[in-house]
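Chemist: Line by line, the protein sequences are chains Z and W.
With my numbering as the guide, the letters of the first sequence map in order to residues 1314 to 1591.
With my numbering as the guide, the letters of the second sequence map in order to residues 392 to 640.
If you're looking for bench data, these hints aren't it; they were derived computationally from the structure.
Not one of these hints is a red herring.
Derived CB-CB ranges, DEER-like:
1. 1413/Z with 506/W: 36 to 42 Å
2. 1535/Z with 407/W: 57 to 63 Å
3. 473/W with 1421/Z: 36 to 42 Å
4. 623/W with 1410/Z: 41 to 47 Å
For glycine and all other residues, C-beta sits at the position ideal for the given N, C-alpha and C.
Here's the letter readout for the chains.
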Amino acid sequence: MTQTVRTRRRGPDPRAVRSSAIAIVSTVAVFGLVGWVVVHAPGWPEVQASFFNAQVFWESLPGLLNAFVVNIQLFMIAEVFVLAFGLILAIMRGLAGPVFLPLRIMSNAYTDIFRAIPGVLVIYLLGFGIPGLGLIDPRTDQRIFGIAALTLVYSAYVSEVYRAGIESIHPSQEAAARSLGLSRFQALRFVIVPQAVRRVIPPLLNDFIGLQKDTVLVSFIGVVEIFRYAQIKSAATYNFTPLMGVALVFIVVTIPLIHLVDWLVARDRRGAPVGSTR
Amino acid sequence: MTAEALRIEGLHKAFGELEVLRGIDLVVAEHEVVCLIGASGSGKSTLLRCVNLLETIDAGRIVVEGQDITADGVHLDRVRRHIGIVFQAFNLFPHMSVLDNITLAPRRVLKTPQAAAESQATGLLERFGLADKRNEHPDRLSGGQQQRVAIVRALAMKPDLLLLDEVTSALDPELVAEVLNVIRELAASGMTMLIATHEMGFARDIADRVCFLDAGTIVEQGSPGQILSDPQEARTRQFLQRIIEAGRL
Chain Z
1314 MTQTVRTRRR GPDPRAVRSS AIAIVSTVAV FGLVGWVVVH APGWPEVQAS
1364 FFNAQVFWES LPGLLNAFVV NIQLFMIAEV FVLAFGLILA IMRGLAGPVF
1414 LPLRIMSNAY TDIFRAIPGV LVIYLLGFGI PGLGLIDPRT DQRIFGIAAL
1464 TLVYSAYVSE VYRAGIESIH PSQEAAARSL GLSRFQALRF VIVPQAVRRV
1514 IPPLLNDFIG LQKDTVLVSF IGVVEIFRYA QIKSAATYNF TPLMGVALVF
1564 IVVTIPLIHL VDWLVARDRR GAPVGSTR
Chain W
392 MTAEALRIEG LHKAFGELEV LRGIDLVVAE HEVVCLIGAS GSGKSTLLRC
442 VNLLETIDAG RIVVEGQDIT ADGVHLDRVR RHIGIVFQAF NLFPHMSVLD
492 NITLAPRRVL KTPQAAAESQ ATGLLERFGL ADKRNEHPDR LSGGQQQRVA
542 IVRALAMKPD LLLLDEVTSA LDPELVAEVL NVIRELAASG MTMLIATHEM
592 GFARDIADRV CFLDAGTIVE QGSPGQILSD PQEARTRQFL QRIIEAGRL
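Isolated chain Z (complex conformation) (with noise of 0.2 Å):
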């Protein structure tokens, strides 16, 4: 004991001095390889052409990044209703009483319906269907059905986020808020639904990140966003490298809110849980 002490005292530990070195090498000797195994690939050159040309890249960047305004938008926009919508259902599943079955069999029937269907579906069938009712007026932005099925599909997702942070609030934080006299919705409104939250923003973020990448599929009924840009782009460069591109910005904007919710859940690992109760 007293030994190992002394040793660390000295200088690092050769423990850890020997576990960061084998590290080191086998993460180079992995990566070295799989990069030498592709480089050397009897087709690289012609991937590298349409795949990875600087030339293409820096020609369709501005226009990509201009479209990519659109999925900002889509996102933006659909992320506030998503995070409404999303606790009406999760307070009306929640609802006790004979009187409320109606509402808890359809806030359950919407959730398991809309994560059952796959989200591109759901965007088909606003972008086309509705249009194809003849009530609206047919030159409607499809953006707007974009936004209504991203919204349909992600409230069901969140829904369930808010049902567990709702759930996980001990019964006596509402028996205490009643035994004052507040009513149902009060002890929701200013006792529950506020400590729920707080502990659901981590995987709250998580749908956000699913969300924000979800809005490439909205260029399948016809909206130029940033996919539709890039595909339309590589198919007049005859190179895909503008996909690549597309690639690249949702890396730089997404990667920085998964360390954000990583830093939240060690956060709350580390400190007592958000909201708990004594």
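Could you slot chain W onto chain Z? The hints should help.
Modeler: Positioned in the frame of chain Z, the structure of chain W alone reads:
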């Protein structure tokens, strides 16, 4: 004859197969302090939760200040405004400051303007030596301070009747006294209280009447001296014997 604050008649409550309360009859006069003693599981907490309508009852009737609160069509939220309860585990709202914990119900339920609610809350906090904690969140307070805040939160609704559910059981021993002193002060100020407690010395000290519960019935009741020193029922004697052996009396 003094007015009745609370009258319980033939109260029954079961959780599934388990009968927790089996015919409770109890009357508490205004300004009276009644302590409920008995082993864990004897029904003390359930009785308090029934009086506050946090549990639905199976049979019997509960009358508070002349109103049958178990009758059909009674507005639960209105009844609860007049009955305060303090829980064993404090149940403060962790996302709110002490001040917001206390003013939430007066503002949202009684529609007291914010300034008035805050000055009332500040007055209560000063009275119980918590004025410097008004902007803290509950997790920054000791257990004793949290429980005193919980008592203040109940008092802010100016209840006619205060229910205390083993309010010192979750506290470290050195923090028990500060909470009991608050309750003593409330008793001296004439607050009507129904108190479930394991603190026999405190019950002897503060109670006008002590009720011993066992298996969902009130086995024996009377003055503290009578129940704690000269119990008539065998079950009461056995219970007190165990308490004495545990060094709690």
